[in-house]
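There are 2 protein chains.
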Amino acid sequence: MHPKNNDILRNYVITTENAIDNIFSSSIAPKTSVSEAMKYSLDAGGKRIRPSLVMEFCRVISGDYKKSINAAVAIEMIHTFSLIHDDLPCMDDDDFRRGKPSCHKKFGEAIALLAGDALENLAFRVIISSDYDDKTKSCLISEISDATAKMIDGQVRDLSFLERTDISEDDLLEMYSLKTCALIECSAVMGCICGGADKNELMLAREYAHNLGLAFQIRDDILDVIGDEKELGKPIGSDADNNKTTIVSVLGIEKASELAKKYSDNALNKLDSFKNNDFLKDLTKLLLERYK
Amino acid sequence: MHPKNNDILRNYVITTENAIDNIFSSSIAPKTSVSEAMKYSLDAGGKRIRPSLVMEFCRVISGDYKKSINAAVAIEMIHTFSLIHDDLPCMDDDDFRRGKPSCHKKFGEAIALLAGDALENLAFRVIISSDYDDKTKSCLISEISDATAKMIDGQVRDLSFLERTDISEDDLLEMYSLKTCALIECSAVMGCICGGADKNELMLAREYAHNLGLAFQIRDDILDVIGDEKELGKPIGSDADNNKTTIVSVLGIEKASELAKKYSDNALNKLDSFKNNDFLKDLTKLLLERYK
Numbered sequence: 001m002h003p004k005n006n007d008i009l010r011n012y013v014i015t016t017e018n019a020i021d022n023i024f025s026s027s028i029a030p031k032t033s034v035s036e037a038m039k040y041s042l043d044a045g046g047k048r049i050r051p052s053l054v055m056e057f058c059r060v061i062s063g064d065y066k067k068s069i070n071a072a073v074a075i076e077m078i079h080t081f082s083l084i085h086d087d088l089p090c091m092d093d094d095d096f097r098r099g100k101p102s103c104h105k106k107f108g109e110a111i112a113l114l115a116g117d118a119l120e121n122l123a124f125r126v127i128i129s130s131d132y133d134d135k136t137k138s139c140l141i142s143e144i145s146d147a148t149a150k151m152i153d154g155q156v157r158d159l160s161f162l163e164r165t166d167i168s169e170d171d172l173l174e175m176y177s178l179k180t181c182a183l184i185e186c187s188a189v190m191g192c193i194c195g196g197a198d199k200n201e202l203m204l205a206r207e208y209a210h211n212l213g214l215a216f217q218i219r220d221d222i223l224d225v226i227g228d229e230k231e232l233g234k235p236i237g238s239d240a241d242n243n244k245t246t247i248v249s250v251l252g253i254e255k256a257s258e259l260a261k262k263y264s265d266n267a268l269n270k271l272d273s274f275k276n277n278d279f280l281k282d283l284t285k286l287l288l289e290r291y292k
Numbered sequence: 001m002h003p004k005n006n007d008i009l010r011n012y013v014i015t016t017e018n019a020i021d022n023i024f025s026s027s028i029a030p031k032t033s034v035s036e037a038m039k040y041s042l043d044a045g046g047k048r049i050r051p052s053l054v055m056e057f058c059r060v061i062s063g064d065y066k067k068s069i070n071a072a073v074a075i076e077m078i079h080t081f082s083l084i085h086d087d088l089p090c091m092d093d094d095d096f097r098r099g100k101p102s103c104h105k106k107f108g109e110a111i112a113l114l115a116g117d118a119l120e121n122l123a124f125r126v127i128i129s130s131d132y133d134d135k136t137k138s139c140l141i142s143e144i145s146d147a148t149a150k151m152i153d154g155q156v157r158d159l160s161f162l163e164r165t166d167i168s169e170d171d172l173l174e175m176y177s178l179k180t181c182a183l184i185e186c187s188a189v190m191g192c193i194c195g196g197a198d199k200n201e202l203m204l205a206r207e208y209a210h211n212l213g214l215a216f217q218i219r220d221d222i223l224d225v226i227g228d229e230k231e232l233g234k235p236i237g238s239d240a241d242n243n244k245t246t247i248v249s250v251l252g253i254e255k256a257s258e259l260a261k262k263y264s265d266n267a268l269n270k271l272d273s274f275k276n277n278d279f280l281k282d283l284t285k286l287l288l289e290r291y292k
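Taken in order, these protein sequences are the chains called A and B.
If you're matching positions, the first sequence starts at 1 in this note's numbering and goes up one per residue.
If you're matching positions, the second sequence starts at 1 in this note's numbering and goes up one per residue.
I should point out that these hints are in silico values taken from the structure, not numbers from a laboratory.
Computed from a prediction, not measured in an experiment: that's the story for all the values here.
Which copy is meant is left open, because identical chains are indistinguishable; a pair holds if it fits in one copy or across any two.
Straight-line alpha carbon distances no greater than 25 Å define the calculated SDA-like cross-link-like pairs of lysine to any residue that follow: (1) K150 to T32; (2) K39 to R157; (3) K244 to T32; (4) K31 to L83; (5) K199 to D133; (6) K135 to L202; (7) K135 to S26; (8) K66 to K135; (9) K105 to D86; (10) K31 to L159; (11) K150 to F24; (12) K275 to N5; (13) K31 to I167; (14) K31 to K150; (15) K255 to T165; (16) K47 to H2; (17) K255 to D282; (18) K150 to P30; (19) K234 to S160; (20) K106 to K150; (21) K67 to C139; (22) K106 to R157; (23) K31 to D166; (24) K230 to E289; (25) K67 to S142.
Using the sequences provided together with the hints, build the complete structure.
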């Protein structure tokens with residue numbers, strides 16, 4: 001990534017984390033018995049891809065990312081709630097997340113369950129307590145609730161695949177579209193809404209993010225085979241150990257890599273319609289080539 | 001309850017259940033792999049107290065309950081999501097709910113977890129997809145997200161009490177205010193908002209519902225000791241079996257009954273400020289005297 005774009009990305013990460021801190025010192029998220037667990041998982045790092053997409057699309061459209069900060073934080077909260085619940089013993093049963101004990105290992109299952117519930121709720125609270133006008137709030141909440149419903153549908157399909165041996169490439173891509181792409185599309189679209197984009201820009205941003213999401217998820221599956229445990233902060237080979245069908249187990253590493261490249265190229269093409277697309281192009285390439 | 005009021009209550013129950021059916025045949029809740037579990041728990045009966053309060057307060061304020069149906073359904077979804085998660089093995093570990101297997105006994109823990117997550121999200125979706133104006137949507141979502149945060153805080157406190165032996169009456173009442181009263185207050189207030197109430201009416205409705213909620217929860221604790229398993233649809237004595245401190249274990253049955261009566265009387269007094277309060281008065285008395 002170009003150093004200038006790396007600085008932009010770092011600023012988005014810092015902005016996200018500061019905004020989270022501010023929300024937890026405000027009346028939007030008053031201190032409760034579950035705040036510590038919520039904050040622990042929100043603070044656990046991660047690439048902050050979704051909030052960065054929100055802010056960058058807002059900047060691309062309007063020249064200013066700052067009015068999208070609340071939307072950016074809201075989507076990170078939905079993402080984090082899904083990770084906390086995904087890690088629970090009745091789901092993926094993962095003890096580690098980003099190199100740290102997962103929420104239920106640190107706080108127990110009941111608190112992790114409720115921290116996830118509370119973060120899902122807080123995402124809506126952050127939007128509704130912001131100073132967006134009522135129409136913008138409605139649009140943003142509509143996008144978030146639509147994406148959250150799709151993400152959950154994707155998680156259920158993912159679970160149902162564990163019992164099946166006949167899963168096709170199409171089945172997997174449809175599941176990825178729900179489980180992974182929905183929130184990434186929502187991020188790009190929310191940034192556009194905050195920036196005041198027109199319908200055509202919204203559509204192009206959504207198509208970009210859909211392709212980016214597929215490339216991102218396929219790269220995730222590839223990293224579960226070829227990745228480095230220290231870099232990833234979690235054990236590799238877990239998909240194979242769990243007999244999980246992934247795009248890699250269906251197509252093999254080489255064809256899966258070609259497919260990720262195809263979706264990444266589609267995403268890059270969609271960006272040609274936007275001015276000031278330099279950062280997004282660099283980010284798109286980075287996500288395809290990443291090792292964590 | 002007066003037969004006329006009983007008919008009104010029955011109409012609210014039917015209206016709630018029909019509205020739920022309509023939402024599940026619409027694009028607001030498109031058929032997904034988790035719809036069946038969501039619908040199973042929503043359909044499991046229950047008294048529909050919260051949606052009835054929403055609709056009745058809307059009728060008391062404006063003469064027409066119909067414009068509050070979406071808000072009524074939304075609060076029932078939040079309530080149902082909380083019950084599904086509450087019943088999970090890592091929480092109360094209850095196998096039965098209203099005489100039927102609890103969601104996780106019927107569908108497995110992972111699906112129950114995700115069905116709860118999806119219902120929490122759907123509550124917001126129902127409001128945002130309704131034809132309320134944007135300002136009303138914002139007010140309703142603000143109330144729902146505030147009440148949900150409080151309810152979750154109450155659940156965490158309830159759990160933390162299991163490890164303590166020094167819990168006072170005040171500790172319990174504060175926990176009940178969060179865990180039980182928050183959604184009941186939200187119901188009354190949302191009905192008022194849909195009906196176009198003024199600030200004073202909102203405040204009185206909230207105070208009424210707060211007192212009703214406390215009376216309701218104390219009656220619940222009493223029924224866990226003196227209730228009939230068939231009527232309740234769940235085993236009695238579970239609080240004592242779990243060494244759970246309740247208002248009954250702290251005060252004894254007699255004083256707890258007096259306290260419930262006190263809160264119920266407070267609630268009735270608040271109703272004097274509203275015209276057409278006949279149904280609400282009858283409902284308040286019914287809830288204090290109920291055996292299920």
